[in-house]
Every structure is written in C-alpha cells, then in structure tokens.
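Protein chains in written order, with this note's numbering: chain B, 1 to 271; chain A, 1001 to 1285; chain R, 2001 to 2278.
Wrong hints could be hidden among the right ones.
Unchecked claim - Computed, partial: chain R to chain B, Cβ under 10 Å: (1) 2132; (2) 2218; (3) 2222; (4) 2240; (5) 2243.
As the list claims (entries may be wrong) - Below 20 Å or equal to it, Euclidean Cα-Cα: the simulated EDC-like pairs (lysine to aspartate or glutamate) are: (6) A:1007 x R:2246; (7) R:2094 x A:1009; (8) A:1055 x B:170.
In case anyone wonders, no lab produced these hints; they're calculated from the structure.
Here a beta-carbon is modelled for each residue, glycine too, at the ideal position from N, C-alpha and C.
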Amino acid sequence: MVRKFGIIAVALATLIISCSGKPVDRAKKNKHTITIAGSTSVMPFTEKLAEHFMIDNRKFVIDVQGGGSTAGIQACLNNTVNIGMSSRELKEEEKTLNTITLCYDGITIVVNPKNPLKALTLQQASRIFSGGITNWNQLGWINRKIDAVTREEGSGTRSSFEELVMKGSEIDDGIMVQDSNGSVKEVVATDPYAIGYISLGLVDQRVRPLTINGVVPSIRSIKVGRYKIVRPFIYVTNGELDEDGRKFVNFVLSKDGQNILKKEGLVGFYD
Amino acid sequence: MIKNPVKKEQFVKWVLVAFALSSLLFLFLIFIFILFEGLPLFHKIGLKNIIMGSKWAPTKGSFGIFPMIVSSFLVTFGALVIGAPMGLSCAIYLSEYSGKRMKMFLKPALELLAGIPSVVYGFLGVIYIVPLIRNYIGGSGFSLLATSIILGIMILPTIISISFDSLMSVPKTYREGSFAMGATKWQTIYKVIIPAAKSGILASFILGMGRAIGETMAVIMIAGNALRIPTSILDPLRTLTGNIALELAYATGDHRLGLFSTGVVLLVIIMILNYIANFGIKRKM
Amino acid sequence: MRINPRFTNKLVQLGLNFQAFFTVGILVIIVAIICFKGLPYVNFEFIFAYPQDMGRLGGIFPSIAGTILLALLSILFATPLGVGTAIFLTEYTKESIFTKIIRFGVESLAGIPSILYGLFGFIFFVIKLKMGWSLLAGVLTITIMILPTIIRTSEEAIKAVPRNLRIVSYSLSATKWETVTKVVLPSAIPGILTGIMLSVGRAVGETAAVIFTMGSSLRLPTSLMDSGRTMAVHFYILAREGISMEKAYGTALVLVVSILLINVLAYYLMNKAISKYS
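Sequences are here, hints too, so could you generate the full structure?
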C-alpha cells in the first residue's frame, strides 16, 4: 500500500519535472511568450492590450505581472522580463534602458460623489496631502476630518504626484496608504469623507474627479496641455526587443492599439 | 532495490534522519536568508535608527519602524482585549457546561473558523465593520478598532482550542472536591479549575498574540496603513506585516533591505512569543 | 452587598451560553453572507470559463486550477518529508537532545507567520534560485509552511497505534521497516490523512506567502516555471482593486465552501481515527 503510494508519487514527480524541464526552451518551441512586469497603473491597460493582441495572434502568450514601476524597471535591467512597465519618467541611473512611451495618463484627484466639493487649487491639493488642511470645513464643507489616501513608497503614481503636485513638500505620515490605484478608488468610493488620487483612466461614476486650478481633467484638456498633472506610461526594454516583443509593441502603437487605450480614458498619439 | 534486509534497515534509517533534519534545514534557511538580507541595513543605518526611528521614507533614506512596532503591539493587544474573554468563555462553556452532543457539534464548528482564509475576514471587515465604525463612531473606519475586532475574531479558534484542552486536563477529582464542599459550579470554575488551568490558558493567549501579530492580508485591508502612531482607536495604523506586504513587490535596493529589516524585527518578536508559549508555559502544564 | 452565589451561578451560565452561541453565530453569519451574496454568481460557466477583462467578466477557471496545482504539488512534496519525520521521531529513536532539537525546529516553523514565509520564498526561491514568480517557487514555499502540520498530526496518529500490534509484528520476525510500512502506517492512515487535508485547507486559503512567490498572473500555469493565481489571491485582487464585487463574492463562495468541505472531511477522518482505537 505504502510502496504503491511511493511509486505513484515518484512517477508523478518525474512526470512533472520532465514536463517542466527547461521550461524556457519548451515555451519557445511551442509558443511565443512575452513577459511584462511593472507599474500597477499600466498593468490593467497592458492586460487589455494583451487580451486583444492574443485574439489575433493565437500562438502568443503574454504574461502580465504587477510589481510597481521600480520593480518593473529593475526586472528589465536583470533581463527577468522582456518588457518593463513604468508610470513615471526614468531616473538618471536607469537611463541605459530603451523607452517606448505608449500613451499619457492624467492623475486625477478624486472624492466621493456625496462630497459637494468641485474644485481645488494645486496649492490646496498639496496642503491636503502634506497635512496643512485636515478638515473639510477648511474647504467650505462640514466639520469632518479629511480621510486622505495616498499610495505607498515605490509607486510610480506616488512619485509623479509628489513631483507634480507636492512640489517638494512631504506627504504627511498620518495619511492612509493603499497599494494600488484600484484600492485607493475603493476607499474613496466607499468613504464619503475620503480624497485620493488615481489614474484618469480608472475614473467612473463611483468617484468624482475635481478640477485643478479650474481645469477639468479629461483627454481633451490633457491633449491641449491645460491639465498639468500628467505622466507618461512607458514600456522599457533592455537593448533591442526580440521579434515577438516588437510585434506586440507595434500593435500597441498601431491605430487599433491606441484606440483601445483611448477608450480606456488615456491619451494616445492619434488624437 | 536493496535486497539485504540489514542494509535496507540502515538505508531507511538514514533517509528518515535526512527527512527529519529537513525541517531544521528549512528553519535554518529561513533565518539565514531573512537575516542575511535584513541585517546589513542595521549595520549601515544603525539599530537605534531603525528600531527607534519614527520616520519611514525608504526611498529617501529613513528606515524608522518604531511606529509600526508600536502599532503591531497595539492591534495585538486590541485583538486580545476582544478575543481573550470571548475565547476563554467559549472554552469554559465547552468544557464545563455543554453536553456531549453539543460538544461534538460546537468544537468542530468553532475550529472551522480557523479555516476561513484571512482575506475573507479582511474583505468582510472592509464591507461591514469599517462603514459601521465610520458612520456610528467616527473617523474613516480604517482604524485600530476595526483591525482589533477582526483580529480578535481571527484568534478565537487558537484561544478556544488551547484553553479548552487545558481546562479538560484538570483532573475530575478537583471538581468533585469542590462540589463536595458545597461550592456552586461557577465558584468551582472560578476558584479551582481556572487557577489549575492557568498556564495553558496563558499559553493560548500568547499563541493568539503570535497569530495576531503575524496576520497580514486582513490587516492591510482594514488598518488604513498610515505611518504614524495612532493617537486614538479610530486612527489608521500600519503594522510590521502590513509594511512588508504593501511595499515588498515594489521595493529595490535599500528599500527592499529595509523591508527585510522589518521582517527581522517581526521574526524576533514572534520567536520570543512562541518560546514563551511553548517552552515557558506549556511545559509547566 | 453580597450577591447570592446561586444567582451568580445562573447568571454566568446564561452569559457563557450566550457567548458560545454568539461565537458560533459569527461563523454562521460569515458563511451565510458569503453564500447569500455569492450564490447568484456561481454557475457552471463561472467555474469553467476563463476570466476576461482582468476578471470583470467570465469565470475563474485558471485560479481554480492554480489552487489545485499548488495544493496537490505541495502535498506531494510535504507528505513524504512530514510522514518520514514523524516515523523517525516515533519509531526510530528515543527521546534525546536530537529529537528535542527537531521538535523545537518543527514548533518554530509552525509559529512563523505566513508573510515571513512569503519574504523567505521571495528572496530564496524567486530571486536567489532565479525561479521568478512561478508555480514551483509557490509550491516549495507552501511545502515548508505546511510541513509542521503534517509532522504533528502524523506523529500523533502513529503514536495512537497500539503497542501490541508492533510487538506481534516483531514476533513474526518482521524488520522495523516492514513493521512500519505493513502494520503501523496502514493503521495510522486516517490520522495522517487528517493532517494532509488540514494542510490542503491551509494551502488553499493562503494569500501572503503565495502572492510573493507564485505571483498573480491570471493565466493557467502550464509548467512549473509559470506564474499563476490561486483563488485566494484572485479574490484578494478582485475585492481590493474593486474590479468586480459580484465576481469577488462568487470567488469567495467557491473558496470558502471548498475549504469548509476539506476541513469537514479532515474532521470526519479524525473521528474515524479516534473511534478506531477507543
């Protein structure tokens, strides 16, 4: 009985190990695999692009992972992924990588739909997140503490926000931290007193974007350069991409690919 | 296959020794790799600046985790305040009051609580407890209070099953002696049985603490993860585990080392708690 | 004022009754909420279809498959190691410093929280051994995590096998290994299976250790080096990112029901093991 179990176990183990032996070679033989990792802001859009891409290219498998901009760039430097995703500009020491800007994304400051506030100045926004403004009555609403939500250290959205909105002042330690655009949005969508910042592409009726210095965040206002809180979505590659990777990137930059991004609320090249 | 039975016995014995040693090897590897990654930063930044430092901004060179250490203990204490009385009274009910059939049904039912994944607890906390606190008590709801409630429920199975075992191991003669002297059931429990089972009950609390302090996914969903030491039970807070889970995927360089340093501190706290529970208290039972 | 002890007694009994049922009530409420909210979304398609649009549409098949793969492979590795250790501790050695050290190791492993397993698996398997986020890294991490449970339950199951069974076997001039494999283990199997089932339950419900070792790719893993997503991780992402509450509840239902079934099976086996010798 036990021996039988042992034999079955060993057989199974060998089967699995032999199946998976040198998985990279095997993957190359049967299918075209592209691994992409990095910014959680870019990830949902890359997944969408990959879904569409794979419909027409059935032999392709695109593996999209999160991890954050910094991790994506590092992974690309180490050659553990084909393409890294970043939602911020590269730093000096990362400039050895090739970059492909796929589109632009506005960072919008959002509140709950129950909140009557419509507009903020850039300075007010910065003071909310640096702890200068802590109560909604300072902005002309009820006497209630502001539940501000920020992103965690290492996030591309956070570092773009620090650069474009905070401009040198620090984000206060007492502010809540969530680790993705989606979870910031969830907090704002459920807490009437919350305020946070998310990618324009994720704004829907569950949260309300605020105008900044009188400018409505939209694809239009970004395109004409009036809305200033904008960061690029970037693919980074270490050296030249292989043929498979190039095929995907070409699709992303094509009219079809850009239309998909546009439908998601991002600003591409063709509009 | 080896035919000689004596040789085969020897062979089997050595294979089993190797298997038994594997647990030690794994423990060793876990320690080495977490310490190996975590300790260099203690050397570079200084033990005091990490453990007592109040500012966590790893991309800007500050690695203070003091607020998270305090927060971890606060949620653990909060969980104990909620979970310990509930758990202990359940254990007393099970061992002293419930009939055999009730026991057969209740004990497994309570232990099933332990099987519910922590993400489900966290999710239900976000959907039900957080809004309740926000609407009726105040603050954003993502708070020490919400985290303590959820963790309090999560440590119930640990507390119940270990206190129950220690209550059951009190000899029947103690009870009979006490009843013979005219004590009521509650007097017997309160004056005789609980003191006799004291060390096991204490061990259950400490193991419960270990579970609470190590809990991660539920905590990052409901704690709010702010970096400051909370000043009220309605303030958000970040635990040691939360810090690791929030930032690990994103971190590189010193930032990642900082998270491993957080892991080292957590590991030390957990080992101390487990040592007290397993080798300090249980042994006396 | 002196309170009548009889009155206190009654009061306490009432309070404890209430407390016990309140606690069970929590369990019932949790399961009820998940069932009530999740049931409308669980159907054949939900279980067997691939997710679309990051899980907003379609089913959860890859995550179910990922969960099963992770749990089965971890068990495959952990069972021989764990049962072997238990056999060694109970049959092949007397209590000594050596066994004490091993027991200390097992106890310590059992106390380490899952996030530290995640941290270790991430640095050791994913980074140092260059496995990347992969099924293999996840399996190895979970194997170590569930090992203490299997060792403990197997040890207890083996200890519960009556001594005279062994004596009979030895008197028939069986070797130790023959006695273990032909006499002791077959009698201990229900108990060992309990440990295995509990470990499966733990692997299925785990998130923190899995997300940092196996990653969170939504594809069906086709080799050990592929990344994948378990149901618990999928649920976490759906709920936390607010991708789809309907799908989140549906996933939670499948997840919780499978864990409950696994645990109920474990208790059933345990009762069978206990009744066998008492």
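Any hints this thing doesn't respect? Which numbers, in order?
-> Of the numbered hints, just 6 does not hold.
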